Amino acid sequence: MRTYLTFLLRCFRLSFVGDYRYYAWMFFLTVLVLFGINAYCKQLVYGLATTGMTDQVSWGFYIANFTFLVGMAAAAVMLVIPVYIYRNRELHDLVIFGELFAVAAIIMAMLFVTVDLGRPDRFHHLLLRFNFPVSMLTWDVLVLNGYLLLNLHICGYLVYCAYRKREPSKYVYIPFVFVAIVWAISIHTVTAFLYSGLGGRPFWNSAVVAPRFLASAFAAGPAFLILTLSALKHFTTYEVPAKAFLTLRNTVAIALSISMFLLGSEAFTEFYTNSSHVASATYLFLGLHGRTALVPWIWSAIALNSLAMVLLYLPLSRKLPVLQAACVMLIVGIWIEKGMGMIVPAFIPTPLGEIVEYLPTRNEILVTVGIWAAGLLIYTILVRITVPVLSGRLTYDQPFVAARDPALFAPHPSSEGVVR
Amino acid sequence: MKDLQIWNGPSTSASHVEPELTRRSFLRTGAAAIGGMAALAAALAPLRELASDEMPNLDQFLQKHYKEMSPAEMEHALERIRNKVEERYAVRPHLRDVKPMEGVEFAYALNLSRCIGCRKCVHACVAENNQSRSPEIQYIRVLEMPRGTLDVEKGNHHYDQPTVPNADHFYLPVQCHQCASPPCVKVCPVEATWQESDGVTVIDYDWCIGCRYCEAACPYWARRFNFAKPNLPKDQLNPNMSYLSNRPREKGVMEKCHFCLHRTREGRMPACVEICPTGARKFGNVLDPKSEVAEILRTKRVFVLKEEVGTLPRFFYYFDERYPNTLDPEALAIAARLREEEGDSYGCLPGAAGPRRDFIAAAKPAWWIGENA
Amino acid sequence: MNQPTTFQPATTPTRAPGWLGWLLPIGFVCLAAVLFNSSTSSDIPLAPSRTFDKSTLIVGPRRVAMQDPPTVQIEGRPQSCNGCHQIFTSSHPGGAALNFHQDLVLHHGLNNRCVNCHDTADRQKLTLRDGATVTFAETPQLCAQCHGTVYRDWQRGTHGKTLGSWVTESQAQRRLSCNECHDPHSPKYPSFVPLPGPNTLRMGDQSAPVHPEHSGKQNPLQRGFNKPASDRNNKITPDGVHP
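Chains as they are written, first to last, in our numbering: chain A, 1 to 420; chain B, 1001 to 1373; chain C, 2001 to 2243.
The reader is advised that the hints may include incorrect statements.
Among the chain A residues that face chain C by a calculated CB cut under 8 Å, a handful are [as the list claims (entries may be wrong)]: (1) Y23; (2) V31; (3) L32; (4) Y46; (5) A49; (6) T50; (7) T54; (8) D55; (9) G156; (10) Y157; (11) Y160; (12) V356; (13) E357.
From the derived model, a few chain C residues whose C-beta atoms are all more than 12 Å from chain A [what the hints assert, rightly or not]: (14) C2030; (15) D2043; (16) A2047.
Derived by calculation from the structure, the hints in this document are not laboratory data.
Model, not experiment: these values are computed from the prediction.
Note that the Cβ used here is the ideal one computed from N, Cα and C, for glycine as well.
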C-alpha cells in the first residue's frame, strides 16, 4: 500500500517536471482552462442564457462536443482489437496510450454534460431516482462511468506493474480488455440511441444514426491517436513503430469510407422521399426558407472528409506528414458533421415549424475550449507519467531523481519495455 | 520539493546527483504557485454575483422527490417556498399542494372553426402562471395556418396584422397535450416529470436537473426551460399557487402547461378556457358522459396532431360545420356570379342580398324545446 | 512497400535561460488581473414580452345582453319599448331606414326584416314563426328557429362559452346565451386586434413570411381560388384565368 501511495505521489511530482516546451504547453492549456472556468462561473450565475441555446434549439455546442468525444473514447478500442485479438505484439505498448486517451475523452465528455445541465447542484438526484431502464440517459450515465472505470483499471494496473517491475497477471486485466472492446461499442451505441429513439425529431428518428456514429467515431478516434503518437514520436525519444501508424491508417480509411457511405444513404432516403420530414435535412444541406447558417459548414465537412478519404487510399499517405494532414482534415470534418451537423439541424425547424437559428456565444466557446484544454492537460499528464514508467526509468526501486534524466525518454537499453 | 524546478538541460554528471535547491528556484516555484492560485480565484470571481437566494441551500439539497415526501415534509417545503416568494415579491402567497380529484380524467377540445387567433389565451396563461416575462416564456403558441393543410411547417407563429381572423387562414393553438404515452416522461433520467391520475403531466421543479432531454423529446414543442433567472414583476405575481403548477420557478428548470391544476383540481376552469372570447376552447372530465368534452368526443370529428408519433394526446381539435366566412375576392366573385345566374344565395356568403324568401311555418321538428322529453 | 522510418534520436533541448522560469508567475498574475476585470455583466439579450392593454384579459361575456323587460336609452333615460311603440306606429315593417334606433346596424343575411323577430303587437316580446311570443330572456329559442344545429350544439355545450366551472353539476357553471356573444342585429363575430406575438430569447428576425417551397409541382389544393395571397399573379375571374 505504501508503495502505491509513493507511486501516486511520484506521479504527481512528475507532472511538474519537464523542459521549457513542456511548461509552455501546460501553461497555455492552464490559461485556457482558467478562461473556461471563468466563463462557466458566469454561466452558473446568469444561467444557460449565456449560451446561444434557446427553447427552439435546446441542445447545442456542448452536446455536440459531448457526442463527438464519446465517439473518440470508443475508438481507443480500435487499437485493442489488433493487439489482443490478432496478437500483434509490436503495438502492445501503444494500447495503453489509446486507453489513456479514452480516459481523457470520457472525462471531457462527462464535463460537457455537466456544463450543459441547468442544475448541476442536483446531480445527486440521479442517484436517488434513476429512470433505468426506460430513459436512455440513464444508460448513458452507466456505460460512460463504467467505461471510465474499466480503462482506469486496465491502464492503472499495467502502469503500476511496470513501475513495480512485475509481470502483470493475465487474469487481472485480460478479461477486462475484452469487456472493454464490447463496452466501447456500447457507449457510442447508447449515445446514438439517445437521439434515434425520439419520434418527435424525424431527423434523428432513423436507424442509421447508430451505425453512422460508430463509423465516424472509428475514423476520428484512431486519427487522433495517429496525431498523438506523432507528437510522442516528435517530442520524446520513444520509439513508435511505423506499423502502428499503418495499422491505424487502414482502420481510419475503412471507417471513414463506411461513414461517408452512411451519410450518403441518409441523404438519399431523405431527399428522394421528399416528405415533410426532410425539412431538417433541407435546412442542413440546402437552407430552408432563406436560412442557411449551417450550409457552408456541412459542405466543408463533406469536402474535408472526401479529401481525407482520397488521401488515405493513396500510397502518398504512408508518409507521416501527409497522413497527419489527412487526419487533421477528417477530425475537423467529422467534428462538424457529427457535432453541429447532427445535433443542431434536428431542432430546425422546431416540431411546430418555427425556424430559429443557433450560433454558439463567446461564453459557450470559452467553456468548450476550456474543457478541451482540460482534457488535453489530463492526457498530457497521463502520458508524461506513463512514458518513463514503461521505459523503465521510473520504477519503485530507483530514486525519483532518475525520472528527470533526459535519456529517460528513450527505451531502456536492457528491455523492450517491461510490459508484456 | 527538491526537484521541482525547470528543466535545465542534460545533466552532465551521473544521473543520481541531487540538484541544488537554490533560493531563486524556490522563490520562482512559490511565485508560480501563488500566481496560479490568484488566477484560479480570479476565474471563480463571477460567483460573487450570485444572489443570496440562489446560493446552495441545505434544505433544498435534502428535499425529497414529490412522490416520496411525507405530508410534514411537503408542508416544510411549502413553507420554505412561501418564505422565498414573500421575500422576493413582498406578497404572502396562498401556496398548497392540490391533489387530483377522484374519478376525473381531463380532456381538452379546441374548435378550429371558432378560434380567431386573438392570442388572449396566451396572455391569460402568462398572467395566471407566473412565467418569466424577460426572457419571455409562454406555454401556448398560436399558429396561423393556410387553409387546406395541417402541416405545421406552413404555419406562421408571428402573424401581426391589424385584425384577426385573417382571410383564408385558420388558427391552431398548441400547448402541452398531456399525452397518455408521453415521450417526455420516458426520457427524464431523474423522474422529475410524470403523469398523474387525472391525466396532467406534471414537473417537480425542485427535482429537475435541467438536462433538457424532455424538451428534445416533445413532438409538440410544449416544454420550456428557464435559461435565465425568471424575471417576473412584483405586481404581476399571481399568489394563488400550488406546488406542481404555478409557483415561481428558478433558473435551470423546465416548465410547461399543466392545465392550471391549481384551479382545475378545485373545479374551476383553466385560464385559457376562461378567457377565450369565442368559446373555442372546451375543457372537462372525459369520464363524465354529460361533460362538454365527452359530448365533443362523441359527436364531433375530432383529431389529434401528429397521431403517427403515438403519443395519445388528450388535446383534441375539430372543425365545426361552418367554416369561417371567406373574404377572398375571387371566391366572392364566383359566388356572386352563381347567385345571379342561378337565382340562389349560393353559399350564404356575407353581403348576400339575394331574393327574399318568406319563411314557411313548417311542422315543428323533434328538437323543438319544450316538446322534448 | 516503404521501409518504416528509422528511429531518430531526439535532440536534447538547449539549456533554457533561468529568467524564463519567471514568466510563469508573471503570466499567472496577468491572467488573474484580466479575469478579475473581465465584465461581470451577462450580455444576454433578454427580449422582453411586448406590452398590451391588460383590460382585454377580463373574463366575461363579450357584450351585455338585452335584459328582460327590455329598455332602451333615449336621451339619457331608460325607456320601455312599449312606451313609444304603443303610441306610435312603426314607419315601415320592412328594412327601411329607422328614425330612431339609429345605432343599430342590421346585417343579418337573409333575416333583414325587423318583424321577423320583434313582435308587432308587443315590442317587449320576441315573436316566433308560428306567432307565439317569447321573452327577451328566452332569446336562444328565437335563434334556434334558423340556427338549429348551432342551437343543438349550444345546448350541449359544444358551441358557445361556458364560464365558472367544468363540473357539469356545479352551481358555478354558467353558459352564456346567444346574444351575450352575438349582436342579434349584426351577429357576425367581430374581428379582434390580436395580442402581441412571441418574442422569445434569441429568436432572430421572424418578420419574413413563410413561403412554401416551390417544387415546380402545383398543389391541386391551390388551383382555382384557394391560393395563398403571395401567389396571386394571375387574376382569376368567374370567366377564367387572366394573366
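Hints not upheld, ascending by number: 3, 9, 10, 11, 14, 15 and 16
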